[in-house]
Amino acid sequence: MTVRTAELLMAITMAAFSIYLMVKSYELPIGWVQDEGPGGGAWPFWLSAILLISCLGILVNWLRKHGPIASSTKVYIEAHVLMEVLAVAIALIVTVGLFSFIGIYGALPLFLIFYLRFLGKHTWRLTATLAVLIPVVIFYFFEITLKIILPKGLTEPLFIPLYKIFF
Amino acid sequence: MLETLELLGNGFLIVFEPLNLALIIGGCALGLFIGAMPGLGSVNGVAILLPLTFLVPPAGAIIFLAAIYYGAMYGGAISSIMLGIPGASTAVATTFDGRPMAKLGLADKALTGAAVASFVGGTISVVLFTFFAPPLAHIALVFGSPEEFALMMLAFATFVGLGGDDLFKTIFSIAIGLVLSAIGFDIISGEPRLVLWDITGFMHGINFLVLAIGIYGIGEMLWTVEENALGGGKSMLSEATVTVARTFANLRELVSSWKTMVMGSVLGYFVGILPAAGATPGSLMSYGIAKQMSKDPDSFGKGNLEGVVAPEAANNAASTGSMLPMLTLGIPGSPTTAILLGGMVIWGLEPGPRLFVDHSEFVWGLIASLYAANLFALIINIAFIPVFIQILKTPFTILAPIIFILCLIGGYAPTQDMHDVWLMIVFGIVGYLMRKLDYPLAPAVLAIVLGPLAEPALRQSLIISNGSFGIFFSRTYAGPIMIAALLLLFLPLFKMGYDKICNRKS
Numbered sequence: 001m002t003v004r005t006a007e008l009l010m011a012i013t014m015a016a017f018s019i020y021l022m023v024k025s026y027e028l029p030i031g032w033v034q035d036e037g038p039g040g041g042a043w044p045f046w047l048s049a050i051l052l053i054s055c056l057g058i059l060v061n062w063l064r065k066h067g068p069i070a071s072s073t074k075v076y077i078e079a080h081v082l083m084e085v086l087a088v089a090i091a092l093i094v095t096v097g098l099f100s101f102i103g104i105y106g107a108l109p110l111f112l113i114f115y116l117r118f119l120g121k122h123t124w125r126l127t128a129t130l131a132v133l134i135p136v137v138i139f140y141f142f143e144i145t146l147k148i149i150l151p152k153g154l155t156e157p158l159f160i161p162l163y164k165i166f167f
Numbered sequence: 001m002l003e004t005l006e007l008l009g010n011g012f013l014i015v016f017e018p019l020n021l022a023l024i025i026g027g028c029a030l031g032l033f034i035g036a037m038p039g040l041g042s043v044n045g046v047a048i049l050l051p052l053t054f055l056v057p058p059a060g061a062i063i064f065l066a067a068i069y070y071g072a073m074y075g076g077a078i079s080s081i082m083l084g085i086p087g088a089s090t091a092v093a094t095t096f097d098g099r100p101m102a103k104l105g106l107a108d109k110a111l112t113g114a115a116v117a118s119f120v121g122g123t124i125s126v127v128l129f130t131f132f133a134p135p136l137a138h139i140a141l142v143f144g145s146p147e148e149f150a151l152m153m154l155a156f157a158t159f160v161g162l163g164g165d166d167l168f169k170t171i172f173s174i175a176i177g178l179v180l181s182a183i184g185f186d187i188i189s190g191e192p193r194l195v196l197w198d199i200t201g202f203m204h205g206i207n208f209l210v211l212a213i214g215i216y217g218i219g220e221m222l223w224t225v226e227e228n229a230l231g232g233g234k235s236m237l238s239e240a241t242v243t244v245a246r247t248f249a250n251l252r253e254l255v256s257s258w259k260t261m262v263m264g265s266v267l268g269y270f271v272g273i274l275p276a277a278g279a280t281p282g283s284l285m286s287y288g289i290a291k292q293m294s295k296d297p298d299s300f301g302k303g304n305l306e307g308v309v310a311p312e313a314a315n316n317a318a319s320t321g322s323m324l325p326m327l328t329l330g331i332p333g334s335p336t337t338a339i340l341l342g343g344m345v346i347w348g349l350e351p352g353p354r355l356f357v358d359h360s361e362f363v364w365g366l367i368a369s370l371y372a373a374n375l376f377a378l379i380i381n382i383a384f385i386p387v388f389i390q391i392l393k394t395p396f397t398i399l400a401p402i403i404f405i406l407c408l409i410g411g412y413a414p415t416q417d418m419h420d421v422w423l424m425i426v427f428g429i430v431g432y433l434m435r436k437l438d439y440p441l442a443p444a445v446l447a448i449v450l451g452p453l454a455e456p457a458l459r460q461s462l463i464i465s466n467g468s469f470g471i472f473f474s475r476t477y478a479g480p481i482m483i484a485a486l487l488l489l490f491l492p493l494f495k496m497g498y499d500k501i502c503n504r505k506s
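Residue numbers (this note's numbering), protein chains in the order written: chain A, 1 to 167; chain B, 1 to 506.
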C-alpha cells in the first residue's frame, strides 16, 4: 500500500467517523434552548461538522495530488517494519486482554519474556530477572505505596494473604 | 517589585522543604535520563509519569513534573551530541554542531557547553518569567468567559497560522481533540452525551491522560520501533574523555560565548510563549541567528561551540516561556504544559489568573522550584556526564517493554477502568498511523485539555449576550484577542492568495 492510498483510506474513515459523531450529537438539542442557551449537542455537533469539512479538504487535496503526502508513491509501511510493529502491537493487545483473566501479574511477565527474549534476543538469565523483578517493583510501588489496585482477574484470591500483610 | 521578591522568597521556603527538594533532585535526574534517550522527550516523560504523582500533594507533584520537564531539556543534548540522534525534537539543532564536535574528539566540550547554555537559558527566562507573570495575571483578573474563550481561540489559531503543518490536518487535529473532550455528560443539562456505540465506558468521558499517553507513550514507542527497524538498530556512540581538569578548562572557554547564550535565552523565551511555536522552532531560529551574528559563519556545522550553545539556551528558555501563558491565563504554551495543566485540573486547581490570588503559595513554590531545578540539573548533568553516556548504551529492547508497561498502568491508574486502557491502545495505534501521514498531534492534546474549559466559556458568553457572537468583538480585551485569532486563522488563505498572484506575474 502506498502512502497516497493510506492517506485516502484515513480521510474516508475519519469522514465517516465525523458523520457518526454529528448524528450522535443530534441526540441532544443542537439549537437554542429557551433560558438555557445553546443546547447540549450544539458544541460537539458543530465541531464534528468542522471535522467533516477538514476531512473533505484533505480529500480535495488528495484529488489534486497537492502536498508531499497526497502525491507520495512510497510504501506506507515497509514489510519488515510492519512485522516488527505488528508484533509489538499484537503483544500489547494480548497483554491487555489477559489482564482480565490471569491478571496484571500473570500478563506482564509473559509480555516481558516475549519482548526481551523473542524480540530483543537477550539471554534467558536477563529475561528471567526482569520478568520477576519488574512486576514485584510495580506491586510495591502502585499497590502498596500509591494504593492503586491493579486488575488481577482470576488470580485475585492469591493476593488476599498479601493484602492482609500490607493493609 | 518588592512584593514579587517577597513572594519569591516564600516560594523558596516551600522549595527547601525536604520532600520538595528530594522531588526536584529526583525529577531532574529522571528528566535527564528521559531526555537523553533517543525519541523520548519532556512531553513523553511528563505524560507517562503524571499518574505516578497522585501520591504527593499538588504542589509537590507539579514541582516534580516541572523538574522532569527541565531535566529532559538538558538531557536532549546528550544523545544529540553522542549519537547524532536528537534526544528529543527540541534538540534537533544541537546535532548540527554537537555531532561534528564529538567526531573531532571534543564531545566533553560540547556536553559541558550544552549544560551551561541550558542553565543560562533556563535562568534568564525564569527571571523574565518572575517579573512578567504577576502583571499579566493581574490584567487577566478582569477576564470573563468571553475573554477566556477568545484566548483559547487564539491558542488554536496559532497552530493554524504559524504551525506550518497541513492546514486541514491541523484543523482536524484541533476539532477531534475538542470533540473527544465533549464525550461523557453535558455539563449544563446533565444529560449523557456522545456515548459512542452506547458503550458505558464512555459515560465518564475521556481522560486527557488516555489520549496523551496513547499518543506520546504507545504511539511514540511504535514510531521508535519503526525507526529502529529501518535503521537496523545500530548507531555509533562517540567516545568522550571526561576529566576534572578538562571540565574546568571547558567551563573557562565558555565565558566568551555569553552573548550567544543571552541572545538564545531571550529569543527562546518569547518564541516559547506561543502555543504553536515553542522549543523546537525557537532553537532552530537561535541557531540561525547565532550563525549570522558570528564572525566565522562557515565554521558552523563543522563543530563550532556557538552552534551548540545557541539552540540549547533557546530550548530551555522556551520551556519556561511556555509556562507563562499556562500559569497566568490558563492557556498552555506547549504540549508538555498542556499535560501539566490537565494535571492541575485533576489536583483541583483551577487554572487561570485567579491561581495567583487563590493559590499564591502553589504558584510561587513552582516558580522558585524552576530556579532550583536549573541549578540541580546543571550540577547533575556536569557531574554525571560519564554515567549518562553509559545509559545511552542500554539496548532499546530492554527499555521499550518497561516503557510500554508504564504506559499501560498509567492509562489504568486515573480511572481504574479497563475501558480506558483499551482506548489508550486504540489512540496509540491510530495516532501512529496518522503521524506517518503528517497529521500534527500536539493540537489534539492541547484541545482535549482545553475542551472542558472552552465549552462552558463559550456557552456562558452566549447566554450573557443572548445568543449573539458580537460579545466576542465588543469587549475591551476580548475584541482585539478575537480579531488577532481570526487574522491568524485566515493567514494560510492570505498566503495562498498571495502566492497565486505572484505566480501569475511570473
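Since the hints were made in silico from the structure, they are not lab data. Take the hints with a grain of salt, since some may be wrong.
[What the hints assert, rightly or not] Quick list of in silico lysine-lysine cross-link-like pairs, DSS-like style, CA-CA up to 27 Å:
{"#": "1", "chain 1": "B", "residue 1": "291", "chain 2": "B", "residue 2": "259"}
{"#": "2", "chain 1": "A", "residue 1": "74", "chain 2": "B", "residue 2": "436"}
{"#": "3", "chain 1": "A", "residue 1": "121", "chain 2": "B", "residue 2": "393"}
{"#": "4", "chain 1": "B", "residue 1": "495", "chain 2": "A", "residue 2": "65"}
{"#": "5", "chain 1": "A", "residue 1": "65", "chain 2": "B", "residue 2": "103"}
{"#": "6", "chain 1": "A", "residue 1": "65", "chain 2": "B", "residue 2": "393"}
{"#": "7", "chain 1": "B", "residue 1": "495", "chain 2": "B", "residue 2": "393"}
Taking the hints in turn, this is what the structure says about them:
| no. | hint | verdict |
| --- | --- | --- |
| 1 | 291/B x 259/B | 13 Å, holds |
| 2 | 74/A x 436/B | 12 Å, holds |
| 3 | 121/A x 393/B | 16 Å, holds |
| 4 | 495/B x 65/A | 19 Å, holds |
| 5 | 65/A x 103/B | 42 Å, violated |
| 6 | 65/A x 393/B | 43 Å, violated |
| 7 | 495/B x 393/B | 47 Å, violated |
Violation of the numbered hints given earlier is confined to hints 5, 6 and 7; the remaining hints are satisfied by the structure.
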